[in-house]
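Please model the complete structure; the sequences and the hints are all you need to start from.
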Amino acid sequence: MKLLLALIISLGTFTCFAQSDKYLIITPQQLQEKKDDVFTDVPAKIIYRNIYLEIGKFLEVREARKIYTNDGLEYSDFEIPFDNVDVKKAITYNWENGKTIMTEVGGEGIFTEEVSKGFEINKIAFPNVKEGSVIEIVYRVNEIGLWTVNYQDIIPIKQFWLEIKNPFYYTGFNITKNGFAKVDLEDSQTDDVLVYKGVNIPGLKFENYLGSTSNYFGRMFFEPVYYADRVRGQSWGSVANYYHTKEINKKAYFKKDLENVVGGELDPMKKAKLIYSYVKDRMKWNDYYGISDYNLKKIYRNEEGTSGEINLILVAMLKEAGLDAYIMKVASKRKGLVHFPSYNIFNNTICALEIDKQYHLLDASQPHGSFGEIPLPFVNGDGLLIVAEGNCRLVSTQARSKSQNTVIINAEIDTENLLVKGNVKKRISGYYAWEHREEYEKIDIKNYTDDLEELNNSLRISNFENQNFYKSEQPVSMFYDFEMEDYFEKIGEDIYFDPLLYFGKEENDFIDDERVFPIDFGFPFSKKVMVTFQLPEGYQVKSIPKGKTLAIPDAIGSLSFKCISTNNGVQVTFNLDINKGMIETAYYPSIQQLFSEYVSVSKSKIVLTKN
Amino acid sequence: MKYTLTLAFTAISYLCISQSNYKVSHISEEIRKNASAIVRDQSTDITLHDFDDITIRYSEVITIFDKNGLKVINPAVHYDESTSVKKVEALVYDREGEEVEKYKKKDFLDVSASGGSLYSDDRMKVLDFTPSFYPFTMKFSYEIHSSSTAFIKPWYPSRYSNVSVEKSKYVLHNPKKNPLTPRKFNVERENIRIAENTELYTYEATNLLASRHEVWGPSVTEFLPMVKFAPQKFQLNKIPAEVSNWKEFGNWQHEKLLKGRDVLSQSTKDQITALVSNIEEPKEKAKAIYEFMQNKTRYVSVQVGIGGWQPSTAEEVDRLGYGDCKGLTNYTMALLKSQGIKSYYTIVDSQPDGKDLDEDFVAMQGDHVMLSVPFEDETVFLECTDQRIPFNFLGRHTDNRKVLMVTPEGGVMTRTHTYTAKDNVARLTASVKLDDSFKLKGGLERNSFGLQYAGLYGIESQPMDDITNYYKRSWGHHNNMNVSNIDLKNDKDLVKFTENLDFETEGYVSKAADRILFAPNLFTRIDYVPKKSSGRTLPLVVRREYSYVDEIKLEFPDGYVVDSMLEPFQLETEFGAYKISMTPLAENTYLYKREFSSKSGSFPKERYNDYVNFIKTVVKKDKAKIILSKI
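Same order as they appear, the protein sequences are chains A and B. Taken in order, the first sequence gives residues 583 to 1193; the numbers are from our numbering. Taken in order, the second sequence gives residues 39 to 669; the numbers are from our numbering.
Because the hints were derived from the structure by calculation, they are not lab data. Bear in mind the structure is a predicted one, so any value in this text is a computation, not a measurement. There could be a bad hint or two in this list.
Capping the alpha-carbon separation at 27 Å, the derived lysine-lysine pairs in DSS-like fashion look like this [to be verified]:
hint : chain 1 : residue 1 : chain 2 : residue 2
1    : B       : 549       : A       : 1003
2    : A       : 1110      : B       : 321
3    : A       : 1144      : B       : 477
A few chain A positions that, by computed beta-carbon distances, are all more than 12 Å from chain B [said to hold, decoys possible]:
hint : residue
4    : 636
5    : 703
6    : 767
7    : 849
8    : 1053
9    : 1091
10   : 1187
Every residue gets a Cβ at the ideal spot worked out from N, C-alpha and C, and that includes glycine.
Structure below.
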């Protein structure tokens, strides 16, 4: 959402913002209040946050906070994230013996700290703060350019007020709100003053599986247009223009190699995979992402480059081979979600390939990645696909194929030594394989079995082997023998044990009753566990758990569990599928139920009894 | 690339060694074993020119093999008003020993080292370094010059057990023969050479081998070699000192850092007098004054100059309503003094793993301050930075250790309270009904004392959502649990925390055909079982002991009968005692009882596996199940 305003040049001095002043008086009621009427159990709240902006000139902030409990005291240690600040007012209010007592912050309570070279912040310790106190601050920052206003905080904001006056330097400015926040503001305009208002804005609650929390805070981004002309396009088209390069049309330097690689292959998918593998194997990644050199020929010859440079070469080669390959700009989770057209919002370049109306996102700079996978930190909202000069579209970075994790186990129950033992074959692909390779590449693979044994202290692993660790286009396979003590329980003549060994789920991750934000699993996945239990001598199957299937609507995910009794044992099959990396909040109850079922089947029992 | 050997000159600060020695393949098998990092060469060269003038030249060359070893390097050097950084540099070598990166002083970030404080004068030069390959070797070196000599950098060749040391040398020049007392720990071994005289102290270690990390061992200072110096004449931020025993040290602290800072305004003194006017008992008076202070102030840490060592005045804390541990302690001391109650500023090492102050090391120690108030029957210790902690109660940060009281007559060592298993008890009673669908419904009450109280009382002030989630997570073995009617009471006089709540769990039992498996121990379980060890080298140290008593009334649904009952079980070992039983109360109603207490202490390494077996047995019995079947 963006608002482009061309305001009338306003002259004259900064006037009083009378409309909002009625919020600024601290009343005895506020001092005596024990809890808020809406947010009844918060440790502190922001009574008001009023921001007055005259762009290019100054920013004035007036804020008051109420401290309810001991845990709220920390909110009275105030940090102002700007340098060049004038603190105009800083007072603690307390209600004592029927009167309002005010204590001003003296010079000793204001600290200017040079956090690092050239960057100063101001910290304020309010005096006499206790449960019930209200603190109030007014400060002014000089010279403001591009910046962000937070209209949501960790504690609730009762009243938010943002008033903007247009400076006469600029012909307009751009304001964009974070579309991913769940907070709404009301805007209005009178004469040359633009106002944003918010009431009872809840504190941001941190949930698990969130990806990047800062993406969800209610906040607004400001840019004056003149500045924007230099760093921001009026539209995605101009951004596409900026990033498009004719370098991807040059082919002389790789033409011969390309012919050798493709050979007589005609199938587009196969061609693409050959070219991708070739570029990935040839080019060494230097750990940087940004494009520093557009001389692709030189980079190609040197066999080393940044992610962006390597992917430009990939685009060029795929195009030359007759495929629909495009430059795509993306942003990492840490950089933030892509909200509005700007040159400043991307921090990597990948290749988007279109075959049969399907997109395949490629990154040939990653030695452990495979065809169709981009590094997980960049699986973040949308990226900008540049079709041609001025022609572009926003494309989701979500993974399009599922990562697999399959385990096949043969187990026998040793009633004499009271343990379960057998062998495991595990195969992982997609992001599971990528993460595994990255984690264990630099250190001894033995650490993998050590890590497993760390998690399950009664587990002992031996004869570990792995295959295809270095073949990034193949899944990784692992084989090992195992022994596990105390796995089954003997009650009377019967033996009871869980069907999934240590591949089940012990606790449900999703315990909140309600959830505000989407659930980010990172990537869609499919987990399969198949166990064959061999009957011990002298025992027979007494009972096996009932099968179970559960599916979430709209093909979001599913679970299935089946147990069969065979001639000499029990066979267990378990499947868990999550078909989307990022799942909308509305599906939360279903996700919660799915995982609850996962826990249930994990602890259901197989029962054997003596013959 | 060929390397030439550069010789070591005694005049030059840095120990220059041929780079090819940094080749990773040169490291012997035995040094490499179990090590995430290896100190190839470490050199500390200190010159104490005078009691107020010290130069430190330090250099370390460390090879890191994986991300576990990364914490061993810390390319940062601290400085402040009395200390300046003359040189600082870092070099990075690849596995062949070739230099691939070089960072000079200007590449280091200059940042404030406020750490946990709101503000601090301390600064540091730090290198923001992320390795792009492993293994790599980093050489980090610096030279600092200071007029503060209270802390002389100790010799500590390896700070972690999984780090081996090829070579480490420490030299302290003391040309003016300033009186120094070296304290040596764990240095009686073959690979360590020592040469000491009043002008020159030299220590050298070669081939110290790393060992695998062992859980529940003594703190590393108890087995890793270390040498530290206590200067009898020193200066701290322009304040000189001359001390040779605790009496004199305490005296110096009192005269130079505390004296005159306990002045209160008359109105405040009158206020306190009025507060305690109706109280006879001195301990009760102290309690009222302590609680007054807790309500009036909050903890804010501001460390400025000597203020890093000196408390802010009582008048300032009174006026501002905040202070750090030193300020709040001094303020409380002044308030008590106004009513004729004597108390002492007390220095303590506040890490949870219970370190004593070193009685034989008369020097600046500790990282925290609290207040000791001597009474006839006991000494009351007061933690002044916590607004909620009860009077005369310590938590895990200051219990059971030697601390130093600064009295006007000098310093006196004493020991803080030790909490026993009896003190640290949690008693839980619950009443649970299972319905036809085997959903659990019931209520419980838990009363926690001592260190169990300390671990819990904080949740009272959390938002209700967080409290609910806290219980759901503690009892994660319940599947689909709902908690309601949560009522929490903090009795500060009895130091007792009471929790009352109702709960409902849907997926607790396991079903096997028409039989139900039910584990009666619904709440208090030990989850973590350590791995057994073959060849443990360190003794087993259990620092604290706790006890738990659970009584749960269980009502099973009609139409079901207990097929297989819980076997009563009892176990008593040197590590603790455990007992469970299940007895009938009425028709289909039983009482499950669990008692567990652990014993603190230090046990020889041969007993470690017995300890693991003890825990394993408890974990297993905690999950023991009964079977119910339809009639």
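Tested hints:
no.: 1; hint: B:549 x A:1003; in the structure: holds, 24 Å
no.: 2; hint: A:1110 x B:321; in the structure: violated, 66 Å
no.: 3; hint: A:1144 x B:477; in the structure: holds, 24 Å
no.: 4; hint: 636; in the structure: holds, 31 Å
no.: 5; hint: 703; in the structure: violated, 10 Å
no.: 6; hint: 767; in the structure: holds, 25 Å
no.: 7; hint: 849; in the structure: holds, 38 Å
no.: 8; hint: 1053; in the structure: holds, 21 Å
no.: 9; hint: 1091; in the structure: violated, 10 Å
no.: 10; hint: 1187; in the structure: violated, 4 Å
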